[in-house]
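**Student:** Residue-level listing of the chains:
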Amino acid sequence: MTTLDARARRASQAIAQSVEAGAPFVPFDAVARRHLWNQLGNAVAAGALIVAFLFVGAFLRGSDPEPEVTDVEPEPVVEEVVPVVPEPSKPAPVDRGDSAPATTPPPSGNPVVPPVMVDPGDVAPPTTIEEDTTPPDITITSPQDGEHVAEKMVKFTGTTEPGATVAAGRYVADVDSAGNWSIVLVLSPGANGARFSATDAAGNAASARITVHYDVAPPPPPPPPEDDGGDKEPKPPKVGFTAHAKYGSCESSPPFDVYWGTAKPGSTVSIISEYGSGSVRADDDGDWEVKVHFPEAPKGEVFVVKVKDEFGHKKTFEFVSHAKT
Amino acid sequence: MIGLAYALSGSRSVAEDLAQDAFLAAHKNWDKVGRYDKPGAWVRRVVANMSVSQFRRKVREAKALARMRSDEAILPALPAEDEEFWRAVRALPKRQAQAIALHYLEDRSVVDIAEILECAEGTVKVHLFKGRRSLAKRLGLEIGEAS
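Keeping their order, the protein sequence lines are chains A and B. Under the working numbering, the residue at position 73 of the first sequence is numbered 73, and the numbers go up by one with no gaps. Under the working numbering, the residue at position 108 of the second sequence is numbered 108, and the numbers go up by one with no gaps.
If we strip away everything but chain B, and leave its shape as in the complex, we get (with noise of 0.2 Å):
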């Protein structure tokens, strides 16, 4: 879930305030989430949908950037091929990069991602493909699997 929301927002001091907001967010709804087939796919949902939102981000930034004075340890910084690789991610339209999150960063079936995107399998697939299409396009590579 972390991983989720760091891929999604970029901010290693945010990811974690987002994770954990969403469990506390299930939390205090458990009686509705808790009825929920997959409650998981629900946190998942909260986080990329409060990972991809700028403001909230950004409030959520100076928030833990406000508590980084604290013995709290953050996320190390990734390589930074990675980190170009999910800034691309983060540059597409917001539901295309919550599936391709979803698909390399959790290995998540069409049907899962749509499940957890609140939206068709046919939908999910157009954001893949346009996600992934416009990804090899901007970190020049081929789409593909690797011989």
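Looking at chain A on its own, in the form it has when it is part of the complex (with noise of 0.2 Å):
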């Protein structure tokens, strides 16, 4: 059987006789200037790629691609038509914002008329249409300006141009033929400013406002507890706000106090200082205590410790850390 050894050894002189029956001996001068060459060429290479990629960018960069031409019919020549505007013949209503019915502001600014389309197969003169500029009035009939009501849900009347449509904000209101329009919102407690809007056939707005109030009624007090039969007399609720430091010092670390006292029901209480804070809410009782932790706290220094209620009150400590490190 062939060994690896003499397998490698016809190989290695089958190279052999490969290279001396190949490439003749170049001389050193003629590879070190087909090596300058090379070097050349291959800065060129480089350069020239260069120039491509810039040449490239700068196409995709400046050129607008044309679209693709397809067989399709002709559209219609869009011609555009010099407006006329209408002297305006009386003065246009105005939203005052006072009791009076809302009325319409005056048109503003140059009006915009929508182009008109001609058929191009059309030998007729082109034709020259009067714009409708004017916008519709508006008017609120109900309820007045500033009205106070008593239920959340109100219906606002009023009328406008027959054939426009009348909306406050996105909901939109009924509008008859002969331009009455109305609609029911939803009143929030206290003011509220309602905006309605009327735009006509032509895309001509005007629009109206109008504040109206709404009153919560007071809720019903509530009823008496029921008497269980007990000896015992009812707690009055504390409600008055009392705050109390029950240490002012600690060696334990992270140095804490507790802080209690009463509130109202219900509200919060609040104790702030530089090295740390805390809040608790009162109980049904007014009852609240808090413990507090002040990790930063340098050693032996007094600070001062607020603490304070929803309402205004407040009464300062102080405290001073020898926590043990």
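Take the hints with a grain of salt, since some may be wrong.
Unchecked claim - To list a few chain A residues with every Cβ distance to chain B over 12 Å, as calculated:
1) Arg-7
2) Ser-12
3) Ala-14
4) Thr-139
5) Phe-156
6) Gly-163
7) Gly-193
8) Ala-201
9) Val-239
10) Thr-268
11) Ser-279
Stated by the list, open to error - Straight-line Cα separation of at most 25 Å, SDA-like style, residue types lysine to any residue; simulated pairs:
12) B:Lys-137 to A:Ile-272
13) B:Lys-130 to A:Lys-155
14) A:Lys-155 to A:Glu-131
The hints are simulated quantities; they were obtained by calculation from the structure and are not laboratory data. Quick reminder that beta carbons are idealized off the backbone N, C-alpha and C, glycines included.
Using the hints, build the complex out of the two chains.
**Tutor:** Next up, the structure:
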């Protein structure tokens, strides 16, 4: 069987013979020359590549791609018609914001006239169309501006140009053929500003605004507590604000103190200091207690701790840490 | 040198290019290379390393193929059996292939190969052992001298 070494020797001889039979000896000068040409070629190729990239980049940035041409029917030519602006015959109503019925503001600026589509095959002379540039009237007949109502849902009514649409924000009102409109809106307690806009078929718009106050009736008083028949007298709620500090100093690490007292039931009491804070809600009896840590408090330094409730009552305490580190 | 490049790169068109570049590199760095005890070992190391580098080999092959339009001669092809042997060598890990090529092609000693590849003699022995074992297995041959 052939061994690896024998096979390797033959393969090595084959390589040697191939090299001897191959390229003739090339003088070193020729090799060096070729190397130089190779280097030059590489430099030129690199330069050409960079220039090509720059050209392609400039082309891509500068050129607008042509739209594809397809077989389509010719589009009708759009021809703009000079608008004929009518003189206003009467002063337009304005939004006065008072109790009088609100009316439309005057038209302002140059009216925008939509272009007229003309069939290119039409041989008749182009027709000039007078555009409606007058905004529709809009009035609010009910309720009156500044009126106070006791109902949450209020029906707003008014009049506008027949054929116009009326909307309050994104809610569209019902408009009959005579231009009477109505819409029911839900009010929030207090003052409610309602703005109604009318838009006619030509796109002209006007608006009117009123303010309606929704007065919420005070809630009925709570029923008296049922007598459980016990001997205990019902405890009056503690509503007065009091605050106390339990220790004033602390040797634990981190140092802390416990604050307690009374406040309006359900109200929040805050404990604030430079080195630690906390808050607590007073319970149904008005009692509160909270433990506040002062992890960053410097040892031996007295600092102020403020305790206050939601209503501006406050009390200050001093605290000093003797924490053993 | 060309033979070493041919064996390790597997490309007749690239082998001469590699050998030339190695000698040119030696020429350009002669101030440093000339001070070595064996500058030839340095050139062989350059050839061996460039030959097994796939990316460099592809670039050189492209350049060499571009020159084939000229009348320069290239190395004749190897017999199929010998080509199969060197293909198996090239399939070995880089260091093993380099050690095997230097060992068989140039009949280099372990000391020489260690100097060329800049590694310890023990490492060369391991490369040769593992390389020969892999070759024998791949080619279905016995390891050892023919009787």
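**Student:** Run every hint past the structure and note whether it holds.
**Tutor:** Each hint, compared with the structure:
Residue-level check failed: A:Arg-7 sits 6 Å from the nearest beta carbon of chain B, not beyond 12 Å. A:Ser-12, annotated as away from the interface, has a beta carbon of chain B within 12 Å; the closest lies near 5 Å. At roughly 4 Å, the least C-beta separation between A:Ala-14 and chain B is not larger than 12 Å, which violates its mark as non-interface. Residue placement check: A:Thr-139 keeps its beta carbon more than 12 Å from all beta carbons of chain B (closest about 84 Å).
The claim that A:Phe-156 is not at the interface with chain B holds, since no C-beta of that chain comes within 12 Å of its own (minimum 80 Å). The Cβ of A:Gly-163 sits about 78 Å from the closest Cβ of chain B, beyond the 12 Å cut-off, so the non-interface label holds. Once the 12 Å rule is applied to beta carbons, A:Gly-193 is consistent with being away from chain B; the minimum gap is 74 Å. Residue placement check: A:Ala-201 keeps its beta carbon more than 12 Å from all beta carbons of chain B (closest about 74 Å).
For A:Val-239, the shortest C-beta to C-beta distance to chain B comes to about 85 Å, beyond the 12 Å cut-off, and the non-interface label holds. For A:Thr-268, the condition that its CB be more than 12 Å from all CB atoms of chain B holds, with the nearest at approximately 71 Å. In this structure A:Ser-279 is separated from chain B by more than 12 Å, as the shortest Cβ-Cβ distance comes to about 67 Å. Pair hint B:Lys-137 plus A:Ile-272 does not hold up; C-alpha atoms about 82 Å apart against a cutoff of 25 Å.
The suggested pairing of B:Lys-130 with A:Lys-155 is violated, with an alpha-carbon distance near 97 Å, which exceeds 25 Å. At roughly 35 Å between alpha-carbon atoms, A:Lys-155 and A:Glu-131 are farther apart than 25 Å, so this suggested pair is violated.
Of the numbered hints given earlier, the model fails hints 1, 2, 3, 12, 13 and 14; all others are met.
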